[in-house]
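Chain order of the listed sequences is A, B, C and D.
Okay, so the first sequence: first residue is 1 according to my numbering, each after it adds one.
Okay, so the second sequence: first residue is 338 according to my numbering, each after it adds one.
Okay, so the third sequence: first residue is 675 according to my numbering, each after it adds one.
Okay, so the fourth sequence: first residue is 1012 according to my numbering, each after it adds one.
Worth flagging that the hints you see were computed from the coordinates, not collected in a lab.
All values reported here derive from a predicted model rather than from experimental measurement.
Built from N, CA and C at the ideal position, the CB exists for glycine as well.
Do not rely on the hints blindly, as some may be mistaken.
[Unchecked claim] The list that follows gives simulated cross-link-like pairs (lysine-lysine, DSSO-like), each with its CA atoms no further than 27 Å apart: (1) A/Lys77 - D/Lys1047; (2) B/Lys539 - B/Lys414; (3) D/Lys1022 - A/Lys67; (4) B/Lys356 - C/Lys710; (5) D/Lys1100 - D/Lys1081; (6) D/Lys1078 - A/Lys67; (7) C/Lys710 - B/Lys404; (8) C/Lys998 - B/Lys364; (9) B/Lys661 - D/Lys1347; (10) B/Lys414 - B/Lys661; (11) D/Lys1088 - C/Lys685; (12) A/Lys20 - A/Lys77; (13) A/Lys36 - A/Lys20.
[Stated by the list, open to error] Computed, partial: chain D to chain A, Cβ under 8 Å: (14) Ile1013; (15) Lys1047; (16) Met1077; (17) Arg1251.
Protein chains: 4
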Amino acid sequence: MIIVMSQSATKEQIDNVEKKLSDLGFKTHPIFGEIKTIIGAIGDKRLLNLHSISLMPGVENLVPIMKPFKLASRELKQVPTIVEVGDVKIGGPEVIVIAGPCAIEDEQTFVDTAIKVKAAGAKILRGGAFKPRTSPYAFQGLEEDGLKIMASAREVTGLPLVTEVMDTRDVELIASYADIIQIGARNMQNFRLLREVGMTKKAILLKRGLSATIEEWLMAAEYIMAEGNLNIILCERGIRTFETATRNTIDLSAIPVVKEVSHLPIIVDPSHATGTWKYVNALSKGAIATGADGLIIEVHSDPANALCDGPQSLRPTNFSQLIKELEPVANAVGRKM
Amino acid sequence: MIIVMSQSATKEQIDNVEKKLSDLGFKTHPIFGEIKTIIGAIGDKRLLNLHSISLMPGVENLVPIMKPFKLASRELKQVPTIVEVGDVKIGGPEVIVIAGPCAIEDEQTFVDTAIKVKAAGAKILRGGAFKPRTSPYAFQGLEEDGLKIMASAREVTGLPLVTEVMDTRDVELIASYADIIQIGARNMQNFRLLREVGMTKKAILLKRGLSATIEEWLMAAEYIMAEGNLNIILCERGIRTFETATRNTIDLSAIPVVKEVSHLPIIVDPSHATGTWKYVNALSKGAIATGADGLIIEVHSDPANALCDGPQSLRPTNFSQLIKELEPVANAVGRKM
Amino acid sequence: MIIVMSQSATKEQIDNVEKKLSDLGFKTHPIFGEIKTIIGAIGDKRLLNLHSISLMPGVENLVPIMKPFKLASRELKQVPTIVEVGDVKIGGPEVIVIAGPCAIEDEQTFVDTAIKVKAAGAKILRGGAFKPRTSPYAFQGLEEDGLKIMASAREVTGLPLVTEVMDTRDVELIASYADIIQIGARNMQNFRLLREVGMTKKAILLKRGLSATIEEWLMAAEYIMAEGNLNIILCERGIRTFETATRNTIDLSAIPVVKEVSHLPIIVDPSHATGTWKYVNALSKGAIATGADGLIIEVHSDPANALCDGPQSLRPTNFSQLIKELEPVANAVGRKM
Amino acid sequence: MIIVMSQSATKEQIDNVEKKLSDLGFKTHPIFGEIKTIIGAIGDKRLLNLHSISLMPGVENLVPIMKPFKLASRELKQVPTIVEVGDVKIGGPEVIVIAGPCAIEDEQTFVDTAIKVKAAGAKILRGGAFKPRTSPYAFQGLEEDGLKIMASAREVTGLPLVTEVMDTRDVELIASYADIIQIGARNMQNFRLLREVGMTKKAILLKRGLSATIEEWLMAAEYIMAEGNLNIILCERGIRTFETATRNTIDLSAIPVVKEVSHLPIIVDPSHATGTWKYVNALSKGAIATGADGLIIEVHSDPANALCDGPQSLRPTNFSQLIKELEPVANAVGRKM
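The shape of chain A in the complex, shown without the other chains:
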């Protein structure tokens, strides 16, 4: 950590800061510049509450040197993490596609869609039983009935299941049905929920918050990992910007950034990122070519009558076509499908 003293800091103020740092267990190294003095403080004290320093008289600001996350960092673990869910490996040479409808509406439609996305090449099945909706008057999901329908579809297709949890009280229930538990974008900093899923043994799909920096996203992963669950799949799903032509702005640069600073696998959700099924094909290819470990795509057998997010859902035929077009892209960057 570096402490930058203000131009007008007195000798006494500098001495006081050095003493305080020393009391906290740091070794200090002052550097007296022509205009300002800085103090280097040696010691990895992630747990310390260092703002006490920033408020001392004469201190201008603090510059941290170490990243705030540890378990999620590539500095700690240099080999990429591969999350295994049944036979499916996320983060390895194979690009994994997760597919299914936004919300589960009824058993027949869901099982039908599940069969179709499997035939097209999906490896994991998604579906929403508990739905976060902006309006209290919108369809909120079938809850446990939805989970039961998902389990039927797994029996029929053999595909592992991913579904979202919104409430700490539901974690146990959802963990008893799902293979992967999803933390939605709006709950990325629901810290109690993060801790709760960290106490399960399930793989966690952690979506990036609408306005979360990559560092905050990795700190959310750190919350889960700090409870002992290391099976985390990051999911970029678009961030909020000033642009209104798409529902969100997909941030594909998050892929190489995450790969550089973390060992966790990262997939992309082009359906939520764009909000429009017409753009899903192009950005799915873009995500894979950029280095994503997989995709999560909304597919509905009848988007015009979907109870949720119809405009961004692909029909099974379009999804099947997309998978065909994705394979050469994956191969072009040395991946398999």
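Given chain A's structure and the hints, the job is docking chains B, C and D onto it.
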């Protein structure tokens, strides 16, 4: 609602859309322009899932005419809501200041701070017992012990209490201690938590999410109101932008916008909005002059040793000075303190 | 255009709005809803200043139906535009790579880099003679001497040249050297400069502004086209968001959006978008797979000693490697290199 | 400056960085931490191109200690700058209001508005002769005829004039009419234009760019000051964010931030910031209470028929009322009007 048909829409496609709208219970009014056709659809169908229309062949887009919130709207209720907490009235002619430390650390410090902020003019006491922290390694709050300390401070000072809830499982516990329950910025779209506090009779302090539009914020209020709890105080606390000179960007224009479209009272949190105690004085005055119904300000008797958010906390003397300087500003815009 | 009347609008106010619209040459179609009245106004009046309507008593807001750009729109011209610069065609089946250093520093280095990027596969040479720099104390470019050096490099390599213009006074000079004139991100709404380059016959590389919506970007193209110059290449170069891990946030979703609403070709600048050479390879592949018509990439023979933007420049060997890796990606989406 | 070496940096790499810094004229101070090494480099080398260091093997990143602006900084000049325009002093104890229409349309309307805003209390007259418009089909201003009309209004009222320059070729012309030259938001980083107005002796009203950080804004001021013109008035006019309820998001926290790091005066433009005349009153009060040195407000005698920005213009009666309401607010924070 207006349906805009694309330039190339056929007569048959237009007919189909009209028929579908009619089946859904709308009266339709097509307008044939020189280049495009639009269809006006009459009927207040907030509950309908209208994207089925947007996916019909020939449809370019849908333009909603009605606002999505109802209970929170000024169209429904034209008289401003005054939230009463004990003797304190929020939303009336008096500007209300809420003050206290970010986190409760120990009884003596908290009660001491409570006495001081009351003496300075605060009308409500804030304090955090359950703390949302970006890092899992940071202090997470004293939990129920913190609530007990808050209750002691209320006994000593008579000030009503506001504290944050982060987990649906804690709502009952917190409601048994607090006079106002706070929903933090990161939980503004934690819809299950919104419903849960909507089922209590307590006043709710609803902070705006970091990247929430004003419309989404009012939809979050609508969630609470839809459960029967109409005692909501909105709180602007800064939004996330590209600017890094302040922790967040305080959006004071939210005040006149909220006053125009809603009847709910709105207060401002300059401490979290700026992240720096030095800017709190100026922006507190700015908020009151712009028309805010109150402020919530972090005050700590020893910011340099605070376990949380020290850099944005005022010392009691600075707080006392601020209140003195605020009074003429409140008077200048026709309010009392 | 749709005029939404407020809930409390009187019959007389509605009549007045209809009369005013009629006076302006519109045919009007009022629709009386249960709660609000709307008025459809037929007529393509892009040139009219319609806010006069929005200020009439009883009017809540105006909803435009037509896009504000015309010459740049796909509604006007459905065949994609191919911009030809010498033998190079931008917007056709071939993916075009533009390469070169940020700034021209001296003849030997520049010609040397030009030879190397040509050998690697670049089709157009970039270089800055007039440089927009955030600091007045940073290197500002060699100006006309730089243009002469560029011309020498064109003689040696046969590659066409693209370089930026920053001042209306320099348009003629730069047009006498360059094959493509670049409008930089900071000048995207320098309307006088847009008009001035619109009066030349040169191809224009129009970079997206840091905070420009796609619609504003196309309106900037419209400014150039309105002067008679239709040879425009759009260039996505990252937008400004809250994320700080990259210099800007690359918005690859702009590619399918632009392709849908406009006929103009679009290329991507991953060097400026990310600000870090390490991320250029991944995002170049992502851009091509998403459907970009080309790339513009900073290459410098000695980035550590570059006078400008060294951290985002590739070395010629890395650039050569990138081109090799791009070819299978281009092929995978049906393009050539 | 601090150089942070990566965890895996070798002794030789550290030595090389030290040698390079030493060659560039810095004194170096390495600090060997438990995990990483950092190197403090002493010397104020604003002019040096330091990224060469950032690209050396083993270097993780560079942390600047000094601010990049100098002439605009409070470190250089601690007394606030007061810009004098005729008898008007901006930055002193008096709050200054600038008012007038967006664009000049005809002499009678403009002179009439000028007389009314003067009577209400405006001290400076604004008007646009050269207008930056998003659409090439919108009214572009009366150009020199507009300047002549402004000069007539000055003769009648005695009010000094502020008007915008958009093109380096017009600086001389505009300087011959105007008392204050405005640089608009879209030209804040039009560096050639900044230099050109820096060579005049006129006061400069420098608007903040739509997506400019406060630091970039002060660097734009530095460009002007580096040419010898120190008479700069900063103007906050809203920044671009995700919120759509207002045209831009007014950033009043810029006021205390600018006051802390710079000696330049700062005023606020609530008309452009909000885009809606209804919000101008509230935010004008907010700006003054926060500490702004003045306001610039759009006033038009007939907003419904204004050729530009009517929706955000006040009528003279509303403006007059606003000034009356502002006075007690100014007094409440120790200012005069």
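Evaluated hints:
1. A/Lys77 - D/Lys1047: holds (17 Å)
2. B/Lys539 - B/Lys414: Satisfied, since the Cα-Cα distance of roughly 21 Å is no more than 27 Å.
3. D/Lys1022 - A/Lys67: holds (22 Å)
4. B/Lys356 - C/Lys710: holds (23 Å)
5. D/Lys1100 - D/Lys1081: holds (24 Å)
6. D/Lys1078 - A/Lys67: Measuring from Cα to Cα gives roughly 23 Å; hence the hint holds.
7. C/Lys710 - B/Lys404: Distance of about 12 Å is within 27 Å: holds.
8. C/Lys998 - B/Lys364: violated (60 Å)
9. B/Lys661 - D/Lys1347: holds (19 Å)
10. B/Lys414 - B/Lys661: Cα-Cα ~35 Å, so violated.
11. D/Lys1088 - C/Lys685: violated (62 Å)
12. A/Lys20 - A/Lys77: violated (33 Å)
13. A/Lys36 - A/Lys20: Status holds; Cα separation ~19 Å.
14. Ile1013: holds (6 Å)
15. Lys1047: With a closest approach of 6 Å, the D/Lys1047 hint holds.
16. Met1077: holds (7 Å)
17. Arg1251: The hint holds - D/Arg1251 has a Cβ within 8 Å of chain A, the shortest such distance being about 5 Å.
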